[in-house]
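On the provided structure of chain A, position chain B as indicated by the hints.
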Amino acid sequence: MSAQTPIQFYDQRQARFKNRLFYSLVAAGGLIVMAGLYAVYLMEHHGHIITGMNNQIVWGIPHVFAIFLIVAASGVLNVASIGSVFGKAMYKARASLAGLLSIAMLAGGLTVLMLDLGRPDRIIVAATNYNITSMFAWNVVLYSGMFSLVVVYLWTMMERRMNRWTKPAGFAVFAWRFILTTGTGLIFAFLVARQAYASALLPPLFIVISFAWGMAVFLIAQAIIYAWNGNAIAPEILQRMKNLLGVFVMGALYLVAAYHLTNLYFAHQSGFERFILVEGGIYPQLFWWGYVLLGNILPLLLIYLPGQGKTKSITAASLLVILGGFAFLYVFIIGGQAYPLNIFPGYQASSSFGDGQIATYHPSLYEFMLGFGGLAIAFIITTVSVRVLDFMPHDKPYIAD
Amino acid sequence: MNDINIQRRGFLKTSLGVATVVIAPGMLLFDMAHGKSQPVSGKVRWGMLIDTTQCREGCNDCVAACNKENGLSGGTNGQARSPLPNPLPQAGEGANDSLRETRLKSTDSQWIRKIELKDVSSGRELSLPMMCQHCEHPPCVDVCPTNASFKRADGIVLVDRHRCIGCRYCMMACPYKARSFVHEPLHDQNPDVPRGKGTVEACSLCVHRIDQGQQPACAEACPNKAILFGDLNDPESEIARKVGSVASVQVRADLRLNPGIRYQGL
Chain A
658 MSAQTPIQFY
668 DQRQARFKNR
678 LFYSLVAAGG
688 LIVMAGLYAV
698 YLMEHHGHII
708 TGMNNQIVWG
718 IPHVFAIFLI
728 VAASGVLNVA
738 SIGSVFGKAM
748 YKARASLAGL
758 LSIAMLAGGL
768 TVLMLDLGRP
778 DRIIVAATNY
788 NITSMFAWNV
798 VLYSGMFSLV
808 VVYLWTMMER
818 RMNRWTKPAG
828 FAVFAWRFIL
838 TTGTGLIFAF
848 LVARQAYASA
858 LLPPLFIVIS
868 FAWGMAVFLI
878 AQAIIYAWNG
888 NAIAPEILQR
898 MKNLLGVFVM
908 GALYLVAAYH
918 LTNLYFAHQS
928 GFERFILVEG
938 GIYPQLFWWG
948 YVLLGNILPL
958 LLIYLPGQGK
968 TKSITAASLL
978 VILGGFAFLY
988 VFIIGGQAYP
998 LNIFPGYQAS
1008 SSFGDGQIAT
1018 YHPSLYEFML
1028 GFGGLAIAFI
1038 ITTVSVRVLD
1048 FMPHDKPYIA
1058 D
Chain B
10 MNDINIQRRG
20 FLKTSLGVAT
30 VVIAPGMLLF
40 DMAHGKSQPV
50 SGKVRWGMLI
60 DTTQCREGCN
70 DCVAACNKEN
80 GLSGGTNGQA
90 RSPLPNPLPQ
100 AGEGANDSLR
110 ETRLKSTDSQ
120 WIRKIELKDV
130 SSGRELSLPM
140 MCQHCEHPPC
150 VDVCPTNASF
160 KRADGIVLVD
170 RHRCIGCRYC
180 MMACPYKARS
190 FVHEPLHDQN
200 PDVPRGKGTV
210 EACSLCVHRI
220 DQGQQPACAE
230 ACPNKAILFG
240 DLNDPESEIA
250 RKVGSVASVQ
260 VRADLRLNPG
270 IRYQGL
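For the record, the sequence lines run as chains A and B.
Counting from 658, one number per residue, gives the positions in the first sequence under my numbering.
Counting from 10, one number per residue, gives the positions in the second sequence under my numbering.
Bound-form chain A, shown alone:
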């Protein structure tokens, strides 16, 4: 074959192209991070008046982004746990990539959460004055603990001399992330006075929903990494992973349904459910079209319909699950605050402070800039790490286990 020289030439050109692509991707991510920081500067300078948030909707778009990233950061570790805790070889090969994605998303989510504070310059106060009864204070410990634990876990996997510690580290991460997502759910579950939140179903709901979102993020990252390296993922492996995504999506949908059905059963909650599921304008729209249809039904069809379930449709399904996740959180966080507090049961209330009224919220561009800035941080950490270290799954010849 005389084609040796042209092949070499082609490879070099492709390598150079990939190099350029890598740097442009990092630069694009950097620009989005800069835009996010600019929004933070403006929010610090002018106050939160430039956001759409107000005294009724106190948590807005930044919290939707932050909570998505944090919940998905916990859920993506499922892949690692199935490998390290339950000993499945194909997941073990993917544990380090899952750990990396977790750290990246945690960093992005926490940055958004922190920079949306009224006084982010005082963040150190959260460490020096610790209120043991506050779920937020507990979450500060849970988030930073998880961050360090996953770093150690990655170290035990990537440093050969530390390999024997991988299993205990994997166990620790496995336990920690359950407690962490329970904590995230409890932030809302402990709000006894709010119709939307005071429910013991929220911690398990957040845990199962984290499985689905984390799996979706993982499948997208995996597809991109395989495509980048010109490899094709073994169909048996993809088959198993897409089935797992399908199970998680169905589990999450079940718990969301249970949450709404239990609310519907309590007479005093039916007004809220009517608002969030039927009459609330954008919230029922986003819930039914965004979360249920685009975020659940369509992905399930893409996964299970005969003829579907190939890489492209799995990636599309994963993207839809993520979009559905954002829709769910918008309805849950903002819709939940928009419905008025029932301060005087049995009375119709009105005031200058939004009592008895549905609160309005028009997210501003700055909030989106901050949110996307967080996504970009996660993107940059992942892209650079995958480039400089070996996070590519190395599958042994597949054996069903």
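A portion of the hints provided could be inaccurate.
For each label pair, taking beta carbons as the anchor points, the in silico distance ranges come out as [to be verified]:
hint, chain 1, residue 1, chain 2, residue 2, range
1, A, Pro861, B, Lys234, 51 to 57 Å
2, A, Pro861, B, Glu145, 29 to 35 Å
3, A, Asp778, B, Pro200, 44 to 50 Å
4, B, Gly35, A, Val809, 23 to 29 Å
5, A, Pro861, B, Arg265, 24 to 30 Å
Reference listing, derived: stretches of chain A covered by chain B, where coverage requires no fewer than 3 residues with Cβ under 8 Å from a Cβ of chain B [stated by the list, open to error]:
hint, region
6, 844 to 851
7, 1003 to 1013
For the record, the hints were derived by calculation from the structure and aren't laboratory data.
Note that the structure is predicted; figures quoted are calculated from it, not measured.
No residue lacks a Cβ here, since even glycine has one placed at the ideal position from N, Cα and C.
For chain B alone, coordinates are given in the frame of chain A:
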């Protein structure tokens, strides 16, 4: 005997004089800055009894007095709008936009507000002031990550503006929606009531007035004397005697927070 060192005596006199001139103003300022030195008493439980039958619909005197006392721009006098408009068009979201038509913005701090109520089953209408209920078991204090929300020994729930990081979790937790977040830079603050952009604030029961033996501004301003302020723990106080003799309720008593504010005629 005449060995007295005049020079030394002069030196001591001058030194004493200089020391007094240098230290005294500082001591004075130190004293002023620290105010009362003795801690508040835990035997006292400040509270209010609000007689809704005496509260007139449309009367806003308590709100105006609060805004004036605490230096809130408040909106009751139609203050200037924010110079920075919301960059996104105010597209209809299917929700109620009536707040925008009033002079108050949904971002304005309201430490006390008037609520108009209508009994759904009987149609009876009433009006009452709503503010921080100064709970014995305040959810805002429970959830605050930095202990910025705290309860004073005498039952007043306050926010330490130096510790508040502006996370707004207390606003999510308060069953009475009593708290506001400072969304804009502040100007011309009342020196007795320091506030801060990016922090959360609420009715302080006019703690600076209470500490000087005065009544909260709203109680003083009510033309019908509908707000009775006093020490719930003192059996001789007017409020304790009235709470013991007339029917009064705590709002959302089902939550068992034991608020210090009670309502009569609700």
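Query raised in the report: Which of the numbered hints are not met once you compare them with the structure shown?
Result: 3, 4
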